[in-house]
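Listed in order, the protein sequences are those of chains L and R. Mapping of the first sequence onto numbering that gives the first Met the number 0: position 268 corresponds to residue 267, and the numbering continues sequentially without gaps. Mapping of the second sequence onto numbering that gives the first Met the number 0: position 179 corresponds to residue 178, and the numbering continues sequentially without gaps.
Check before you lean on any hint, since a few could be wrong.
Not the full set, but computed from the structure, chain R residues with beta-carbon under 10 Å of chain L [said to hold, decoys possible]:
#, residue
1, C34
2, S60
3, L112
4, P121
5, I123
6, N125
7, E181
8, A184
9, D187
Result set (DSS-like, lysine-lysine): computed pairs, CA atoms no more than 25 Å apart in a straight line [said to hold, decoys possible]:
#, chain 1, residue 1, chain 2, residue 2
10, R, K133, L, K1
11, R, K146, R, K135
12, L, K235, L, K266
13, R, K37, L, K1
14, L, K222, L, K244
15, R, K133, L, K244
Bear in mind the hints are in silico, worked out from the structure with no lab data behind them. Positions of the beta carbon are idealized from the N, C-alpha and C atoms, including for glycine.
Each chain, written out:
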Amino acid sequence: MKWLQLAISLAIRNVLRNRRRSFVTILIATVGTAGTLISGGFGLYTYDSLREMSAREIGHLTLAHADYFTQQEETTLALGLSNYHAMQQQLMTNPDIRAALPRVQYSGLISNDDKSTIFMATGIDPEELSMKGPFLTITQGKPLSRNPSLEDDPQVMLGKDLARHLNAQPGSLLTLLSTTTDGAMNAIDVQVRGIFSVGVPEIDKRMLYTHLETAQTLLATKKVSTLSVYLYDTEKTAQLEHALKSQYPQLSITPWWTRAFYYQGVKSLYDRIFSILGGVIAVLVFFSVSNTLSMSVVERTQEIGTLSALGSYPSEIVFNFVLEALVIAISGALIGSLIAGLCSIGLYFSDLQMPPPPGRSASYPLYVYFSPQLALVTSALLILICCTAAWFAARKGANRPIVEALTHV
Amino acid sequence: MNSSNSKSNSNLNPQSMLALTAIQKSYHQGDESICALKEINLNIPRGQFVALSGPSGSGKSTLLNICGLLDQQYQGSYELDGQRMTNNATLCTQVRREKLGFVFQHFNLVPVLTAYENVEYPLILNRFSSTDRKIKVSEILEKIGLKDHQHRRPDRLSGGQQQRVAIARALVNSPLLVIADEPTANLDTRTANQVIDLMQTLGQEHNTTFLIATHDHRMSSRCDQIIELQDGSLASPLLHDAPQGSMVQEILPHASTELRL
Ligand SMILES: Nc1ncnc2c1ncn2[C@@H]1O[C@H](COP(=O)(O)OP(=O)(O)O)[C@@H](O)[C@H]1O
Ligand SMILES: [Mg+2]
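All chains should be built: construct the whole structure from the sequences, respecting the hints.
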């Protein structure tokens, strides 16, 4: 295919012909590619972090009474699970499941000797704290102990702002007040074991953790609210959801994303921002390449006339310009991807911090993923855009009457 | 396949390469219509070296554009090598590619291609094999004396050298007809003479018909035939006392009034 070989070589030489202009066009294609990849990579990283955070916060799958998420409980734990021990054991035989941990959700009043405030509590198996990994920070004291001694007071972990409100430190003694399953008021003395932050002020202000048994004693019950199922691999959530639905048809099985409202909100916002950004970049690149090639076409009118006179078909001439655009697009895509890749590596080692996102109090490391799929899709789109622009620009020049083209100055 | 090797297939006049009958061409500018060619009848045999002369604006370029199939907007009939030319753009492109060659006043080499590649271009369009291309290009570059400069791009060649490359490009595919519009207008006398020599020698070797618009006497004095255009009509032929003077009869453009009904 000498013809194609010559056409490619011709395209490269023509791109090099007006170096300055081609340089600017390639620069725009490069910046467009790098911009898309870096912002997209940041989005992917954010989604990934939020996904992990949400899944670890509430468990990949939540098993509950069929009406638990749709109806209000008339009495405490009316819609709880009682046979959770058996289910726990059954679930743990599945190799994809890392843990199945019972939770008791409850609320009430917490007081020191001087003042009281509302709390939202979760009675947990202390193992749950290790599931949360980096998404729960113990700011003071220790996490709930794995094997609490029965002589000591029951332990509690307070949200950072709740602890401050109550002037509590590790070791402080507090009282929890709540309503039992029979509707009676009950109280229990607890000792602060640790203070934590999840980075969301709304939660840090109200939230506390106790052992499951503490909660059950306070509420005078043997039931739990839900069973949180943690997986080794977040990707397998949908698959497990399906399996558990057929295993426990009487229960509601909820994957993490239906309850991860923050994740959903951020994702839909970012998706919209990134598609607008991508659209703007695409339009910018299209007009820039159109402009460059239109100028080349006009400048080379006489040359187009000569090639037509020698017997080149208009389609062959248009093809030559499309090849030039391809050279520009491929250069831009390669350099842009390279820059995005280097940027990803650079940020990994740089420890730059992003300010806290809306509704959060903790900053987080700025990092961008480099996604080969995103790079491929972006490059393909860039090539498409450039070639389309070239086709439009060259079509008119190539179909001009030859005599007119030859006498063009 | 190189169709230029096929012999003339005209039944009427086996010698005729180019036959124009009642060619008329008008340019339209707004409401105005300029009649650039009026009733041109012309017959040119194969292998002739023909000059088209006449003052500026007499219609030389217009006629060459029609003969070179660059312009299909005209009235009348045009037969090339016995084949009636229609205004089908694809057919015209194919005929130009296979059977015609062009030499321009401003040389019109492709600036990003070397001398060698410029000459090779028509062979690539005609899908010659790489061995054939190599042989043909090297041979013709040798003949135009630019073998040493074959890897230079046009901007590193003088005007005369560029025009020689252009002539090589026009002839490398052994076309039936080469159209040259003022090929020496941008050259000094000495270079112009070299270029004319080259066109004549190579034209004879390839048995190619030349149709050259010129108002350069250096050129017309060396042609087999001179066709004189005046205000879009053929003037009575001026015959130059060339050695081939015996061919006068054949190459007379027949008077328009005689052959038209
Ligand atoms: N594109 C055009 N539009 C209008 N008139 C034209 C055009 N090209 C040529 N003409 C007119 O046609 C006539 C013949 O021009 P041309 O063939 O270029 O003459 P020559 O080549 O002998 O100088 C002139 O009167 C010229 O003004
Ligand atoms: Mg002219």
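If you check each hint against the structure, which ones fail? 1, 7, 8, 9, 13 and 15
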